[in-house]
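Q: The primary structure of each chain is shown beneath.
Number of protein chains: 2
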Amino acid sequence: MSTPPATAAILVIGDEILSGKVEEANIPVLARALRQLGILLRRVVVVMDDVETIAREVALLSREHDWVFTSGGVGPTHDDVTIEAVAKAFGVRVVASPEMEAMLRAHYRERCTDGHLRMALVPEGATLEVTEEVRWPTIRLRNTWLMPGIPEVFRMKLPVVVARLAAAKATPFVSRAVYVKMDEGELKALLDRVVAAFADVSVGSYPKWLDPTYRTKLTFDGRDETRVLAARDAFVALLPPGEPQRIE
Amino acid sequence: MSTPPATAAILVIGDEILSGKVEEANIPVLARALRQLGILLRRVVVVMDDVETIAREVALLSREHDWVFTSGGVGPTHDDVTIEAVAKAFGVRVVASPEMEAMLRAHYRERCTDGHLRMALVPEGATLEVTEEVRWPTIRLRNTWLMPGIPEVFRMKLPVVVARLAAAKATPFVSRAVYVKMDEGELKALLDRVVAAFADVSVGSYPKWLDPTYRTKLTFDGRDETRVLAARDAFVALLPPGEPQRIE
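Protein chains in written order, with our numbering: chain A, 1 to 248; chain B, 1 to 248.
By construction, these hints were calculated from the structure, which means they are not laboratory data.
Please note that the accuracy of each hint is not assured.
Pairs count within a copy or across copies, as identical chains cannot be separated in the list.
The calculated EDC-like cross-link candidates involving lysine to aspartate or glutamate, where the alpha carbons are at most 16 Å apart (straight line), are [as the list claims (entries may be wrong)]:
1. 208 with 23
2. 181 with 243
3. 21 with 221
4. 157 with 192
5. 21 with 248
6. 21 with 64
7. 208 with 152
8. 21 with 200
9. 208 with 50
10. 88 with 110
11. 208 with 52
12. 88 with 52
13. 157 with 132
14. 208 with 192
15. 181 with 129
Keep in mind that this is a model prediction, so the values were computed, not measured.
Go ahead and model the full structure; you've got the sequences and the hints to work with.
A: Below, the structure is given as structure tokens:
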């Protein structure tokens with residue numbers, strides 16, 4: 001490939017994930033969306049609801065990746081510290097967005113509390129990202145998107161991210177797979193030959209337990225479809241009679 | 001509480017998780033087990049199958065936590081680099097374990113390949129952890145446990161970890177919850193009062209969408225049950241008539 005793919009990292013914020021009370025549901029959704037956009041998700045970190053920890057992590061991740069996505073901690077309560085932490089990471093203040101405040105007042109009307117208005121706070125310099133379909137804003141500061149932790153709201157806002165990043169869309173990743181009954185120990189020598197010959201294709205090997213139809217799934221991933229197919233076919237050509245069980 | 005809880009971190013290794021091809025399934029299982037052991041899971045990191053990245057991460061995490069658990073990358077193929085990376089993190093060599101080699105030869109018999117025997121490699125100085133029930137060893141180097149990525153095998157080996165860590169078992173965490181129809185904006189002022197009065201209780205607030213029975217779940221967590229119950233009850237006492245919907 002001519003250019004390396006853009007890179008991304010996800011920072012999940014939430015004591016509830018680390019304590020096992022809630023199962024994280026946003027990572028796989030965002031991982032698949034990034035893959036389709038041709039963006040390489042290189043790192044995921046899950047941390048507690050702590051301003052210093054989040055700020056340090058955002059500062060690091062945003063320097064080392066093209067895009068960073070935080071998930072969680074954007075509500076109005078005491079455990080929602082992501083806005084403050086992201087502001088700190090970039091060395092900016094937290095300010096009230098007049099635009100957000102107007103939206104919140106219009107939405108909550110006479111029920112509107114100081115608690116609700118806390119959701120108008122943004123890191124100074126942040127952009128409020130919307131699309132025609134998703135009018136409630138998603139906060140972005142430079143390369144860092146502040147996504148909500150609630151899975152339903154995360155999914156609702158994801159099209160905004162996709163629309164924005166699709167503008168810079170690179171070649172998407174192609175993935176092919178081969179299923180065999182051989183185990184990884186038997187496959188190693190064959191795989192090593194394919195890996196050596198196709199440095200630009202990422203070859204994965206995943207044992208499956210308790211499936212009668214195959215024992216190992218081999219995946220071939222890359223952004224050049226011709227090379228991906230050539231690697232897959234080179235591997236299949238090395239297999240003994242009776243294999244593979246299935247090709248995708 | 002007299003002593004702070006022991007801390008833990010999980011390092012998940014796997015391109016397949018980051019590419020969205022496979023949904024991670026070990027984190028919630030280990031998170032719940034650690035919670036029951038009274039161990040605070042403070043950080044989770046997911047990285048690609050890259051020796052340098054994994055080694056750097058293990059070196060950091062093992063310095064900053066009492067226990068570290070890696071998940072994935074312990075099979076025999078080219079993408080299984082965790083053993084090498086953990087050895088590198090602790091500055092030791094990779095050596096063949098005669099004990100593991102004997103077990104592998106006994107298991108695979110005449111089918112045993114060099115690929116299979118690669119699974120006898122361990123970081124020098126590693127302990128092979130077993131229990132009466134789980135005889136296939138789990139590799140531990142100092143405070144770092146090398147767990148398999150395959151969820152079925154991970155679950156199979158988890159009792160070994162639990163048995164070993166239960167010996168040092170601290171006071172487990174206690175968790176209570178209150179469900180209300182108020183939203184977070186309305187709750188903020190009340191919550192702030194409880195948070196200020198109970199510094200030793202961790203108070204969480206989780207909005208729920210699309211549930212007709214409540215709008216926000218409040219959690220009260222700590223290792224001193226008396227204080228957790230007192231915090232919960234102090235919060236309930238502040239609620240207006242008609243609340244809460246449910247107490248746990």
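Q: Hints numbered earlier in the text: which of these fail when held up against the supplied structure?
A: 4, 6, 8, 9, 10, 11, 14 and 15
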